[in-house]
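Chemist: What follows is the residue order along each chain.
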Amino acid sequence: MTFKSTLLATSALVMMLAGAAQAKTLVYCSEGSPEGFDPAPYTSGTTFDATSRPVFNRLVEFEKGTTNIIPGLAESWEVSADGLEYTFKLRPGVKFHTTEFFAPTRDMNADDVIFSFMRQGDANHPWNQYVAGVSYEYYNSMEMSTLIKEIVKVDDLTVKFVLTRPEAPFMANLGMDFASIVSKEYADKLEAEGRKEDLNNLPVGTGPFKFVAYQKDAVIRYAANDDYWGERPKIDTLVFAITTDPAVRVQKLKAGECHVMPYPAPADIEGLKADANITVMEQAGLNVAYLAYNATMAPFDNPKVRKALNMAINKQAIIDAVYQGSGQLAKNPIPPTMWSYNDAVVDDAYDPAAAKAMLDEAGVKDLSMKVWAMPVQRPYMPNARRTAELIQEDFSKIGVNVEIVSYEWGEYLKKSTEMNRDGAVILGWTGDNGDPDNFMGVLLSCAAAGEGGANRAHWCNEEFSALLTQAKATSDQAERTKLYEQAQVIFKDQAPWATLGHSTVFMPMSTKVQGYVMSPLGSHQFDNVDIVE
Amino acid sequence: MIKFLLGKLAWLIPTFLGITIVAFGFVRVLPGDPVLLMAGERGITPERYEQLMAQFGFDRPIWQQYLEFIGRLFQGDFGNSLVTKKPVLTEFLTLFPATVELGLCAIVIATLIGIPVGVLAAIKRGSWFDQATMTTALVGYSMPIFWWGLLLIILFSGILQWTPVSGRISLLYYFPNATGFMLFDSLMSGEKGAFRSAVSHLILPSVVLATIPLAVIARQTRSAMLEVLGEDYVRTARAKGLSRARVVGIHALRNAMIPVITTIGLQVGVLLAGAILTETIFSWPGIGKWMVDSISRRDYPVVQGGLLLIAGIVMIVNLLVDLMYGFINPRIRHS
Amino acid sequence: MTSISTTEPGSRRQVLAEFWFYFRENRGAVIGLWVFAVLVLVALLAPLIAPHGPTTQYRDALLMPPVWQEGGSSSYLLGTDAIGRDILSRLIYGARYSLFIGLIVVTIALVGGIVIGLVAGFFGGWVDTVIMRVMDVILAFPSLLLALVLVAILGPGLTNAMIAIAIVLQPHFARLTRAAVLGEKNREYVMAARVAGAGKLRLMFRTILPNCLAPLIVQGTLSFSTAILDAAALGFLGMGAQPPTPEWGTMLAEAREFILRAWWVVTFPGLAILITVLSINLMGDGLRDALDPKMKRS
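Protein chains in written order, with my numbering: chain R, 1 to 533; chain P, 534 to 868; chain X, 869 to 1166.
Simulated from the structure, these hints should not be mistaken for lab results.
It should be emphasised that the depicted structure is a prediction, and the values quoted were computed from it without experimental measurement.
Just so it is clear, CB atoms sit at the ideal spot from N, CA and C, and this is done for glycine as well.
Hints may be right or wrong, so weigh each one.
[Stated by the list, open to error] The calculated SDA-like cross-link candidates involving lysine to any residue, where the alpha carbons are at most 20 Å apart (straight line), are: (1) X/K1068 with X/I1085; (2) P/K619 with R/P126; (3) R/K24 with R/I404; (4) P/K541 with X/V1002; (5) R/K216 with P/R830.
[Unchecked claim] Chain R residues, not near chain P, derived (Cβ > 10 Å throughout): (6) E137; (7) E150; (8) D155; (9) D217; (10) P336; (11) V402; (12) R456.
Could you build all of it, start to finish, from the sequences and the hints given here?
Modeler: As structure tokens, then:
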């Protein structure tokens, strides 16, 4: 058998590689396999890049390169004066994909919208558990279940969301991946054929690309959607070549085996920039890395002590040694690219002498503390261990003795939320939807300060939380900006965290790739991209 | 023969039960859990945590979960992946052909080169050929294959640009995967150059994976041949005036093959362990990489199902080797 | 069996002499021994030999090539890595880790395996059955996969990696010991000792064990190299020694991203592993030739 195939290989060698696709194909070396093709149950950007972004649309979309909300499948919307009713006018004539496995008979309408949300929110919905063990983590964590009172079909192209309370970030939530609109007609067909699980295998959406095929852990193929309601993609075929290793991604990019790759290793960036055939785009990431004290435990319940410790950290050294040129100093809990970022806030200057004096003043002597360093690399923090070592050294200069501890990642996430946690924890956050509340509300509000909440400082400041609540109740962005700016001043004054840094995101790509726009939300989209030989 | 077979099978049952306990038990003592990893930095309220654990069935007593696990096993149900929500067996079967293709290629390379080299080395014992090949074999046997793979990538993909960096076939080609074996599918697709592309993708990983088995087989063949050549009946045959080629080809080789076949069979475990490294280096979408990823994601059903399936395969192959050995060498059967 | 199995006083020296005679006949084994001796020396004297500290970073010498290549510097003979650490120094210190790993792993596996094997072989019956089934179970998993799972359970790190590898290697020793015990158990000299009223423990460890040593020594050398390779593989997969430890496998893992840019950061750690493992395997071959009577004949 082997002998025979060797013979055939030789004859194949003689043939020339001809007739290969004339159409424009863009190959994206993605960093991992999607968990599934239904975006709703998942939370990872890798899955969204392969599902919601190419295949689906949402009622509203984020404008390319910004976090602004623009019309998507909804052409327009109105918000009632009390902020409780959102009425959406749907775009007429939007077609779901016609593929080998499905041919739609009608255009997208209100039923699809209601289906897309109700299956996630209603535990008794026949599609809620369409595969065993599915759960809708984003729908849950964005509190959509308690927020949405009902969704009303006014007519085929008008949908009304009734909320239980005014919530300004609601619009941003609707632009998120879990809010992708799936076809009810397709779901009905699958149900009739008894293969509901294919909703998660063979997606049908309204997006710029049609799903063609997925070879597990290897390749995903998409074709341009000729019937797209927006501008048809300039490329004809989109291929995701799944390449988990950043070093291999770089090799493939250099070898011309792919056109675009995400998440290069920091060490590779210089070499990529030097390559004449490669462009490296960069942008500040929508993230923050922090060191959160436990504000419920003495002496860290004293803002003065926290402030003094913050002043003792040489943050620039961390940016230099840990981020290695791919990060910037953080002074606020939100990144500078986000609206309402308060640039007037002055960061605590690095001043060990003053810090020591402040500690003395607060009556703290011979302080010993733990610093938690997470065991994994995250987008906002390349090396927590090294950061902890630098902090250890800084604190030793003001007479504070630091012990560095770490746990397995899952344990770390859990233990760090425990109320009686001993020590300050290094962690961070990557934004979901570009709304400031998605940082400050999730990470610093009183509501999140309990066990299991994301407020790892367990810091509950009434004044700060009141400002956030107020900001959520109005949809006037100018007014919200003012409130968030005030909140940032309180945050800096009370110092529940040492804000460590914001990382920079790099996107190396072949110079043939034109029109790629980096998303501040960290998603990767190819609908406006072209390839020029 | 049947008694021999039944006896062997009876031995397998307690071992297999032991394997299920190990696969199930190990996974449960892994620190951290999938729900926590899923929640990430956002954290998860204790209530929601309990709710999800209950939904996955992780809240019940361990022994009860184990019994259910065994019960479902008998129906061929290995559970669903927590991440992809797909049946573990389906995922395994999707990825397994890639590993098998790689492993088969490696074992074919190892056998086709290893046996002739071993035989020649034995015949020309002490010659420069013997010394050179056996030294090379020992180097191969001592090779850290993950490093070897990287070196080959530097040379063939980086400097010479002869072979692609990773993957199974050029992305230009697209055809349905009928069998999951890329060599076969690319031939069947009828697309020009597809097969060639598949071969060029396969060559480096299979050479890397073949390295250690090749060394082992060459060494084993040589020593088995030496032993047989020293036996009385071979000497007798030689004395009777049979030609050297005939003696070596018919009498010696056939008898020397018995331990060599066993050796080849035993390489399956080595191949599967090697596949973990090789697949990682070459981004080869097989079960080795799948297991490594699933361990780090704490995807319990995949880790326990995968461990079980892999151990099961190793066991079955070992059994087949045993049977074949018994078949070739009847003395074993009766002892 | 062989002359080594006689334990009469006075013959020890003779046994050793005979062993050395056969060992010395194997040129490869002698070379292996020398290389290994040098490696041990390097490991022991690392702080004296190494030109730099293993984790000292020279910020002005990032990814500097080896001395003979353009841009190299004589103060970094084998070049530097991405954060300016001297590769030669890291390799020298790395020898300590690899040899230490091999030694500890083999010791744990050997002691554990011998005890388990002796118990199984000596007591027989259900004790034997249960023990051997457990060994079968361990052997049914590909060793690296099982080690990976064990390390995931225990937590990544050098110590845990060593424990995991020892557990995975231990059944080989247990099986060998058991087989040897079964072979020796009913021999005359054991019977004689038993009749003379020797206790069970004494029988196991003083009488039987010394006579099963030959195959165990051979397996021990084999496991020594396997342990080094597996530990490096675990380090390579990020589950073994953690950075900045200059363990060779971990160094390779860190160097992977540079394979097309800086060949030296990838090449040298792997070469160090290869040379070490090769020298041990060469010695192992010699040992087997010298200890195994069958091979001696051919």
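Chemist: For every hint, state whether the structure bears it out.
Modeler: Hint by hint, here is what the structure shows:
With a C-alpha separation of about 24 Å, the suggested pair X/K1068 and X/I1085 falls outside the 20 Å cut-off, and the hint is violated. Restraint check for P/K619 and R/P126: the C-alpha separation of about 19 Å stays at or below 20 Å, so the hint holds. For the suggested pair R/K24 and R/I404, the alpha carbons sit about 52 Å apart, so the restraint of at most 20 Å is broken. Between P/K541 and X/V1002 the CA atoms are separated by roughly 17 Å; this keeps the pair inside 20 Å, and the hint holds.
Note on R/K216 and P/R830: the hinted pairing holds, with a Cα-Cα distance of about 17 Å set against a maximum of 20 Å. Against chain P, the non-interface label of R/E137 is violated: not every CB pair exceeds 10 Å, the least being about 6 Å. Listed as a non-interface residue, R/E150 keeps its Cβ farther than 10 Å from every Cβ of chain P; the least gap is roughly 23 Å. In this structure R/D155 is separated from chain P by more than 10 Å, as the shortest Cβ-Cβ distance comes to about 35 Å.
Non-interface call for R/D217 relative to chain P: violated, since the shortest CB-CB distance, roughly 4 Å, does not exceed 10 Å. With a cut of 10 Å on Cβ distances, R/P336 stays outside the contact zone with chain P, its closest approach being about 20 Å. For R/V402, the condition that its CB be more than 10 Å from all CB atoms of chain P holds, with the nearest at approximately 23 Å. At the 10 Å boundary, the C-beta of R/R456 falls inside the reach of chain P, the nearest C-beta of that chain being 8 Å off.
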